[in-house]
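Visitor: Respectively, the protein sequence lines represent chains F and G. In terms of this note's numbering, the first sequence opens at residue 1 and continues consecutively. In terms of this note's numbering, the second sequence opens at residue 1 and continues consecutively.
Calculated directly from the structure, the hints in this document are not laboratory data. Even for Gly, the Cβ is constructed at its ideal location relative to N, Cα and C. Some hints could be false.
Pulled a few chain F residues facing chain G out of the computed Cβ check, cut under 7 angstroms [what the hints assert, rightly or not]:
(1) Ala-95
(2) Ala-209
(3) Thr-210
(4) Gly-230
(5) Val-260
(6) Ala-263
With beta-carbon atoms standing in for the labels, derived distance ranges [unchecked claim]:
(7) Ala-107(F) <-> Ser-404(G): 58 to 68 angstroms
(8) Met-107(G) <-> Gly-198(F): 38 to 48 angstroms
(9) Pro-32(F) <-> Ser-404(G): 53 to 63 angstroms
(10) Ser-103(F) <-> Ala-338(G): 28 to 38 angstroms
Next come the chains, spelled out residue by residue.
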Amino acid sequence: MRNVIRAAGDLTLAGVSSIGMLALLLWLSGYPVGDSLSALWRGAFGSWSVLASGTLVRATPMLFAGLAVALAFRAGILNIGAEGQLLTGASAAAAVAITLPASMGLAGAALALCAGVLAGGLWAAVAAVLRQRFGVLEVISTIMLNVIALNVTGLLVRGPLQEATRTFPQSDMVDAALRLPRLVAGTRLHAGVALAIGSALALAWFLRATAPGFRLRMTGANPRAAASAGGIDVSRVSLLAFIASGALAGLGGAVEVTGVTYALYENLSPGYGYTAIAVALLARLNPSAAIGSALVFGALEAGASAMQRDAQVPAGMVGVVEACVILVLVASEWVGGKAGWGRSLNRGGPPQQFGPAAPHDDAASAADRSTSEARA
Amino acid sequence: MVLPPGADRAVTTAVPRLALESITRHYGPVVALDEASLTLRAGEVHALLGENGAGKSTLMKIAFGLEQPDRGTIRIDGTSVTLRSPRSAMQHGIGMVQQHFALVDAMTVAENVALGSTARLDLDEVATQIRAISAASGLVIDPDALVRDLPVGAQQRVEIIKALSRETSILILDEPTAVLAPQEVAELLAWTRRFADGGGTVVLIAHKLHEVLRVANRVTVLRRGRVVLTAPAAEVTARSLADAMLGGGQHTPDTTARRDVTHTLPGDGRQPRPVLELRNVTVRDAAGVERLRAASITIAAGEVVGIAAVEGAGQHELLRVMSGRLHPSSGEVHLPPAIGFVPEDRHREAVVLDATLIENVALRGAGTRRGLMAWTSLRTDTEAVMATRDVRAETAAVMMRTLSGGNQQKLVLGRELASSPQALVVENPTRGLDILATEDVHTALRAARDAGTAVVVYSSDLDEVLALADRVLVVTGGQLRAVGHDREAVGRAMLAGGS
């Protein structure tokens with residue numbers, strides 16, 4: 001219960017502070033603050049249709065990628081490569097979806113999603129193997145692989161996957177029969193949104209209730225003790241967690257292609273994989289809470305488009321605010337976990353409320369997640 | 001002042017080069033140094049001896065400005081000085097080579113020597129200086145070699161040359177022989193003798209008595225933060241030093257808790273059942289150095305085997321082989337299916353601080369657990385461990401981090417014993433614990449033994465080993481041998497080194 005309250009508090013704080021920052025920026029740039037913000041609000045939550053077609057749809061790839069980041073960080077792996085894994089997943093899903101006959105219907109869509117999962121996992125496996133075999137820091141390798149994935153996607157949509165007329169840098173459209181079904185007629189709310197929320201809840205359950213999930217958390221929290229006291233094969237756990245993380249991001253890309261864009265584009269992702277890091281951190285690496293934090297960022301993105309359309313405020317202004325929120329989050333993690341950024345990322349959760357002797361550095365860490373999980 | 005070579009190790013009795021007078025240093029409630037005094041003269045090699053934690057390193061860190069004394073005076077050539085930092089110590093001609101070298105692996109020897117010097121950087125000049133020092137001292141080193149390509153012995157020479165390049169006349173070497181091969185030890189000791197004969201002063205911090213007695217002029221022994229002996233090397237023997245270091249005779253180990261295994265084992269009169277066996281086990285580290293050499297041991301159900309050793313003698317590897325945490329390079333190992341292990345570095349190896357007590361108990365066996373975590377029964381298990389071992393915590397669901405060290409250790413011990421393992425291996429089980437917690441741990445170990453568990457105890461506190469063990473084995477230089485249960489014999493065997 002406590003972590004739910006805490007997560008809600010974090011989300012509110014992030015929402016309020018980003019609106020405040022945005023208001024300040026608007027005022028400084030000479031835009032009408034009230035009109036712009038109300039356009040933002042209307043674009044994000046103004047009606048059922050903008051909520052469903054805008055905010056929720058925008059939040060979905062961020063949630064998948066955010067879960068990928070949270071899973072990796074919980075295992076002690078700093079996977080910054082969700083962006084590349086998402087693009088690889090999208091490319092593979094597009095390749096499968098435009099190849100399969102329309103008669104396959106939903107089964108075809110499912111196959112496309114599987115292709116995305118596999119491709120994202122494989123792309124992460126490259127960094128995982130580099131880390132395990134050669135000690136290459138995953139922070140560096142995954143960033144590099146992001147660049148490679150982006151450019152490979154660019155090559156694909158100008159080469160083997162380019163649309164039939166060979167004019168535009170994009171793939172053919174996925175046949176309507178192979179697209180993810182809409183959940184609510186008249187909106188863009190597709191089945192992938194439910195899949196994302198389901199994945200978040202499933203991941204939360206996996207970490208809390210299963211033995212492999214426990215091994216993953218212990219490996220992330222103290223690999224030496226996990227190996228020595230727990231007899232856990234930590235390198236195997238890390239490898240699998242890294243691949244699973246990539247698979248989740250890949251699924252996000254596949255869902256985007258089969259549920260939203262229906263084709264592969266080079267700029268399919270406006271940096272979902274990077275925003276995902278903020279989504280995961282804001283959720284304190286808690287998969288259920290990531291649903292809420294993805295919603296906050298989804299709302300900002302959806303609202304930004306509306307603000308640009310209705311109040312002529314450049315959407316980039318919201319990008320600035322998002323980046324500020326990320327900086328504030330990372331800084332607070334830094335200040336909180338005096339052990340530094342790497343370690344504080346592996347922790348999360350509200351402060352420990354036990355006794356006066358609780359050491360100070362518990363304040364920002366001491367994962368209540370585990371407490372509540374153990375209680376569950 | 002310069003003494004003629006071969007001056008029969010005579011040293012001047014004039015004003016000492018460096019005098020540490022009545023130095024006291026506390027770390028929290030722990031007294032690391034209690035009115036310790038040491039004088040160093042020009043032209044002498046001074047051996048500083050003592051068990052782990054006796055205060056040798058602390059005293060030398062104070063002499064090198066790394067630590068500040070709470071009380072006491074430091075005099076150089078009779079003048080009282082304050083050494084605020086290593087830099088001010090170096091300005092007074094004091095240099096120190098720490099156990100863990102302060103070298104940058106990716107840099108050359110010359111760059112390392114130049115590092116920290118305030119002079120304008122001219123690597124050619126530094127290289128020339130290094131060659132000059134090499135020629136004068138006999139410490140040969142290539143100034144252009146990368147440090148990471150050098151063997152440990154050569155890295156140590158770099159450290160010494162670094163000190164000499166700053167016109168060091170008082171050189172402190174913290175356990176310099178621990179990392180060296182026998183031939184290198186001989187060369188190093190011969191060099192310290194030459195350096196002192198040339199008017200310099202060397203402090204040798206050491207464990208191994210026979211080595212230092214060969215070169216030292218004088219010997220000072222610390223025990224529990226106090227200087228218990230300062231004498232010319234000619235007037236002491238290995239035995240008298242061991243007595244001084246270990247407090248010979250003053251401490252009678254508590255033998256009341258010991259017993260004759262063969263007489264009280266259930267199954268009256270029959271030989272105890274062997275539980276854990278090592279035959280000719282050799283462990284080499286990543287660099288190929290033998291840490292454990294052809295160790296053989298059989299441990300029976302219901303006995304406590306004590307392991308006595310000085311730091312780095314090979315006991316670390318031995319305990320990990322016995323607990324199934326390390327696969328030996330060669331040899332035969334027969335281990336029981338369930339072994340409890342309590343490592344000395346609790347926070348890094350035994351517990352997850354940011355996890356609950358329940359999760360920490362669940363950690364044991366986590367590698368092979370399948371399916372779902374049975375949190376309800378794990379909670380019951382944890383509460384049972386807490387009750388049995390008297391672990392003080394609000395609930396089983398609090399974070400490990402919130403517990404005191406003693407309670408953490410009791411939980412670890414309880415966890416390892418909860419599944420009634422056939423063997424239990426513990427390493428410095430009471431380090432950092434207060435008296436009550438220590439007593440609880442000892443009681444638990446004896447209870448485990450009485451319940452038929454084969455218990456292996458290593459402690460850097462010899463008295464603890466003797467108090468707990470039914471029989472004692474000594475590890476020196478990677479070799480394992482039995483020397484009976486006599487405090488003096490064990491102590492001497494521990495300190496004798498690999499020779």
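Visitor: It remains to establish, for every hint, whether it holds in the given structure.
Guide: Hint check:
| no. | hint | verdict |
| --- | --- | --- |
| 1 | Ala-95 | violated (37 angstroms) |
| 2 | Ala-209 | holds (5 angstroms) |
| 3 | Thr-210 | holds (6 angstroms) |
| 4 | Gly-230 | holds (4 angstroms) |
| 5 | Val-260 | violated (36 angstroms) |
| 6 | Ala-263 | violated (42 angstroms) |
| 7 | Ala-107(F) <-> Ser-404(G): 58 to 68 angstroms | holds (59 angstroms) |
| 8 | Met-107(G) <-> Gly-198(F): 38 to 48 angstroms | violated (54 angstroms) |
| 9 | Pro-32(F) <-> Ser-404(G): 53 to 63 angstroms | holds (60 angstroms) |
| 10 | Ser-103(F) <-> Ala-338(G): 28 to 38 angstroms | violated (58 angstroms) |
Taken one by one, the earlier hints fail for this structure at numbers 1, 5, 6, 8 and 10, listed in ascending order.
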